[in-house]
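Order-wise, the sequence lines are chains C and H.
Just so you know, my numbering puts 96 at position 96 of the first sequence, and the rest follows in order with no gaps.
With positions in the second sequence counted from 1, the corresponding number in my numbering is that position plus 1000.
Heads up, some of the hints might be wrong.
With a straight-line cut-off of 25 angstroms between C-alpha atoms, the simulated DSS-like cross-links for lysine-lysine are [said to hold, decoys possible]: (1) LYS1192(H) / LYS272(C); (2) LYS121(C) / LYS17(C); (3) LYS1113(H) / LYS1192(H); (4) LYS1051(H) / LYS1325(H); (5) LYS192(C) / LYS1272(H); (6) LYS1150(H) / LYS272(C); (7) LYS1325(H) / LYS150(C); (8) LYS1224(H) / LYS193(C); (9) LYS1043(H) / LYS272(C); (10) LYS1325(H) / LYS1043(H); (11) LYS1096(H) / LYS1121(H); (12) LYS1272(H) / LYS1051(H); (13) LYS170(C) / LYS121(C); (14) LYS1043(H) / LYS193(C); (15) LYS170(C) / LYS1325(H); (16) LYS1196(H) / LYS1171(H); (17) LYS272(C) / LYS1321(H); (18) LYS272(C) / LYS1174(H); (19) LYS272(C) / LYS17(C); (20) LYS150(C) / LYS192(C); (21) LYS1224(H) / LYS192(C); (22) LYS1318(H) / LYS1308(H); (23) LYS1051(H) / LYS1308(H); (24) LYS272(C) / LYS1318(H).
Just so you know, these hints were derived from the structure itself, not from any lab.
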Amino acid sequence: MSEYVPEGVRKIWLDIKEMRIRGAGRIARAGARALAIAAEEFKGRNLKDFMAYMERIAEFVRSARPTAVSLPNAVAYVMNRLKRSGASSLEEAVRAVVNAAEEFIEYSLNAVRIIGELGAKRLENGDVVMTHCHSTAAVSVIATAHNQGKVHRVYVKETRPKMQGLITAKALADAGLDVILIPDSSVRYFMKKVNKVVVGADTIAANGAVINKIGTSMVALAAKEARVRMYVASETYKFSPQTVIGELVPIEVRSPLEIVTEEWLNRNPEVKVYNPVFDVTPPEYIDAIITEKGVIPPQAAILILLEEYGLTLTESFIKEPYELRESELGE
Amino acid sequence: MSQQCREIATRVDALASDLRHGRILGSTEAAYAAFSFLSDVVKVCGRDFVKYLPSWVETIIDARPTSMVMSNLLREFLIGFVNEAKRSGVEAAIEKVAAIIDKINEEIEHTKKIVARVGAKRIVNGDVILTHSYSTSVIRIFEEALREGKNFSVYVTESRPLGEGLVAAEKIAKMGIDTTLIVDSAVRFVMKKISKVIVGADAVAANGAIVNKAGTSAIALAAKEARTRVLVAAGTYKFGIETVFGELIEGIVLNDPELIIPRNRMEELTGKVIVREPIFDVTPPEYIDAIITEHGLIAPQAVPILIKEKYGLPPRVKSIKELLKEVRSL
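The shape of chain H in the complex, shown without the other chains (with noise of 0.2 angstroms):
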């Protein structure tokens, strides 16, 4: 390996690690860092580019393992390089794998706007819509709307323990829509004001049931409580395959006092209390009105017929660990 690429590889430290803290904050987001990380890895790497990928790959999914956005994407591109590799030799491979990914961007680009054109339909002049977390589905949704010329307004929570819910607030405010920030602990009592849950999601399982950020469920529960719909924003690229397959979807559950306790509070209590923040929660598809993908909205119960539309039943697809075994191979 040359000290080049060595030293361009000890990125995947630090991506891992923003992706496990949350730094890097919506799904589609990590994908396209892991993305941003394989670009400007295989500039200096050359050949050392195979030798690596797949310790690469498994230290980027270890990292955020309930973002099926990126395993999604990242089967994706190794499906597209390995059969690259296979017709044209590992060093064409080489050469095209920023292609490769700039063709994966442009197809969930795509995604993105369809599911935000769909979303728009739903929003009403005159809507309170609440959002927990950051989303960019969602704030694609929201100008989209804002675009048709719809008047409403966003309760977006702090989402608390990484409070992503400002960077949310702020960008949807400076967008020009009326935004009211509240604490996570707030949402039943303002949801009687609320004609709309819209929120995104890190991965769809089989059974419809949602996976986001911590927090969402309760949303959600107390939606249902209110008789306010909840739509979840989510491209089929969500969807998580190996859940047909029994497959649980793994959350991450932190336990960095920081993320909680105030500095000068901390002396107090160290020592004394442990906390556990899980960073995701499961909604149950009872809970959930729609989700909108860019095959139009669908039930949450029908995820698997989408899923078998694109893949089959039972869906045709080679797991990750088989992809990065052929990539050894090569």
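The following block holds chain C by itself, in its conformation from the complex (with noise of 0.2 angstroms):
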């Protein structure tokens, strides 16, 4: 992008590209903040300039990261909120802005808390669980029954090839939890002494399928197979309106260097190495998802859609699926 980007905007752009910023509910975050720094360092004088300047930044943000659908969530909802709030200055325009993002950023802060309590509740007393890769949610629904005293040990999966298993597994341990760290490999072979598996999710489609971190479908078939429960925490945002329109999720293909290092992979240049990083999860084998707005059927994923955003299979839609809630309720 030519024109000026502020540095700030720059910096959260980076970090979410290079996943120094990682997880749907973090990278949220941080887009609301980006479009809040932006606004508040806009430097030219007109309303005019604002909104087209917010436009484009906000295609920025959302470049980022092309299949996290939280992203583009977290900017439509500062976005719908700065042109509905009809500002008619520049001050006020950068105010709706810097509002809407605080708003976002306090909702998803709460959202965690929320579906902590929730999924706790889906938890009994002496549960062993197992989790996946890091997922702010799903660690707040183990901490939160550790706190109430239900769960003390939990099975981390390393989580290849970026390790995030690391990040849980330090994160449950400091809440207090028996923390056992195993191999992605070795998914089947706990499952037996697990009870409940508890994972997050990067997007959620129309159907209830899950789009999560590589490996999370086998862990669900696994547990699937052990009849261990299947919990998916996530909030409402990472549901994606563009799959109610027939959409695909595209599936990010990450550098081999994640999985091998330059060495190798110059000593052996006819080995391809595949790094998809994230599969997909049929709902059949999800038994929930906890939400803050509430505990749902995977296959009621439409339900979620359908409150945010309407019944919207409309043309106008199917081009412009974010913009439709204002047009639609006419405010």
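Two chains, each in its own frame: build the complex with the hints.
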């Protein structure tokens, strides 16, 4: 992008792109924060330029991580409120963005807490839990259940190639749980020792399929086989409005260097290293999705989307799913 | 015990450690390593060989209890050795150690050749094969299929925590096969593209269950779900004869933080988490379509039939414990 982008926004963009900021919730909050920074550091004078500038910034921020639905949803949350604000001066418009961003961040943090409380109710005394990757919402569920004296032991999968399991292991150990760190290859081996699986989500599709870190669908399958219940903890802004119109969720494929060293790759140029970072868990393998708005069966995912975006299969929605709510509501 | 013998005998601890920590990859390679140790010590130890043989065998087997190959082949060696000693005396038996080992190795080589030929017949042009860990039996099947001019590609998992899949990927690619490396977590993701799963085994139990590197059972489960066939390459020397008597095959679970946690993350996690790394898991027979043996392709449930053919039912084999007792009384 050739136009002006404030340094702070660029930094967040880069941090998201290079995965220093990761986890769908964190990415969403960082996206909202980036918009607030952009608004406050706008160098121009008039409202019209500001609106155009914010549109470009919004697009720029969204481009940091094309597959994380929470990011465009967070951006849409702020931008829709800016458009709806009817701001008549530049100052009002800037305030609308900052307020909306703060509101989103607070909403998001609250959501994690509420999910923790609702999710903890699904866990019973003495449950042994398994989790995969790192999800603030899933950690919230497990830690809350631990605080209530119900769960003491958790199996955390390493989560190759980026080893996000280590972050989870530390967070849960700090919360006081007995943490057993295991290789991904032993998921089926340990499933018999587990009563519940709790994972997060990157994106939830209209049919209730959950897109999450590679390996989640293998965990779900092994859980199904062992009749272990599988819960997905997810804020509602991870539900994807585009999937309602039949859009597929693209699966990001990342660099081989996340799996092997450069030296190994140079030594073995004929080996292809395939590194898809997400997979899709079908709804029939998921017992419930725990959102801040309630615990739902995955097949009811459309309920959340209807609530958020209305009954929407109109031409305008197919073109611009995020724009819809304001136009439909006629605000 | 001579000084020289004592020195070389300390190598048994290094061998045990290599076996325990999976630095020796395949189960057949484990047996070869044990034989190579015995061939070396017999050259310098003379009569002391008999004295220490029982404790060496025990140490080696303890280090890799899952490797039926190793215990079966060591059993065969002990039978050969004890018989020879009874027939023509201990000195003569010691002279014959190398010959006994050579004969066993030849038999294994022959078995592997047939397994490779039978296995290769199951590969057809255009196959996309998933394999796990590092198995010489599977690599031999690929070699044979290539020789027959078949065109196929292979996906290989990293096979954590030891990561021997990288060695397999390297070897398979060097053979000129289109090879793709994936993380263990991606097995269900890629399963839809896979036409066949072919893996090796450390052991085959009497009910047809397969003991192989951790992750095999998850792959078999994902294959079942996707209606992809699972073939296991395992000559009958991998069959756990004692499992007919209800014996369980013991697995190894390591707890070495360095296998999972990178050095630069160690500090934040030390003392906070424990690690558990099973090296093997058990794949139930219902997830396996066929076992490729030197007697042909069999259903896993037919394992006892081959055991009966070879050893009778109940199998008339001496346990290693009995054989070691006989060695001690020589």
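Each hint tested on the structure:
A distance of roughly 18 angstroms separates the Cα atoms of LYS1192(H) and LYS272(C); the hinted pair therefore holds under the 25 angstroms criterion. For the given pair, LYS121(C) sits about 35 angstroms from LYS17(C) by alpha-carbon distance, which is inconsistent with the 25 angstroms threshold. Between LYS1113(H) and LYS1192(H) the alpha-carbon distance is near 31 angstroms, which puts this suggested pair outside the 25 angstroms criterion. Straight-line distance between C-alpha atoms of LYS1051(H) and LYS1325(H) comes to about 11 angstroms, which keeps the hinted pair within the 25 angstroms bound.
Only pairs whose Cα atoms come within 25 angstroms are accepted, and LYS192(C) paired with LYS1272(H) is accepted, the gap being roughly 24 angstroms. A distance of roughly 20 angstroms separates the Cα atoms of LYS1150(H) and LYS272(C); the hinted pair therefore holds under the 25 angstroms criterion. Restraint check for LYS1325(H) and LYS150(C): not satisfied, since their Cα atoms lie roughly 53 angstroms apart, outside the 25 angstroms limit. Pair hint LYS1224(H) plus LYS193(C) holds up; C-alpha atoms about 22 angstroms apart against a cutoff of 25 angstroms.
Taking the CA atoms of LYS1043(H) and LYS272(C), the gap is about 46 angstroms. The hint is violated against a cut of 25 angstroms. This hinted pair checks out: LYS1325(H) and LYS1043(H) have alpha carbons roughly 23 angstroms apart, not beyond 25 angstroms. For the suggested pair LYS1096(H) and LYS1121(H), the alpha carbons sit about 38 angstroms apart, so the restraint of at most 25 angstroms is broken. Our distance criterion of 25 angstroms between C-alpha atoms is broken by LYS1272(H) and LYS1051(H), whose separation comes to about 46 angstroms.
At most 25 angstroms may separate the alpha-carbon atoms for a hinted pair to count; LYS170(C) and LYS121(C) meet this at roughly 23 angstroms. Between LYS1043(H) and LYS193(C) the CA atoms are separated by roughly 49 angstroms; this puts the pair beyond 25 angstroms, and the hint is violated. Proximity of LYS170(C) to LYS1325(H) is assessed by CA-CA distance (about 51 angstroms); at most 25 angstroms being required, the pair is judged violated. Proximity of LYS1196(H) to LYS1171(H) is assessed by CA-CA distance (about 19 angstroms); at most 25 angstroms being required, the pair is judged to hold.
Note on LYS272(C) and LYS1321(H): the hinted pairing is violated, with a Cα-Cα distance of about 48 angstroms set against a maximum of 25 angstroms. Pair hint LYS272(C) plus LYS1174(H) holds up; C-alpha atoms about 12 angstroms apart against a cutoff of 25 angstroms. Taking the CA atoms of LYS272(C) and LYS17(C), the gap is near 23 angstroms; set against the 25 angstroms cutoff, the hint holds. The hinted pair formed by LYS150(C) and LYS192(C) meets the criterion: a straight-line CA distance of about 19 angstroms does not exceed 25 angstroms.
With a CA separation close to 19 angstroms, the supplied pair LYS1224(H) and LYS192(C) stays within the 25 angstroms bound. With a C-alpha separation of about 15 angstroms, the suggested pair LYS1318(H) and LYS1308(H) falls inside the 25 angstroms cut-off, and the hint holds. Among the hinted pairs, LYS1051(H) with LYS1308(H) is inconsistent with the structure: their alpha-carbon atoms are about 34 angstroms apart, more than 25 angstroms. The straight-line distance between the Cα atoms of LYS272(C) and LYS1318(H) is roughly 48 angstroms, outside the 25 angstroms bound, and the hint therefore fails.
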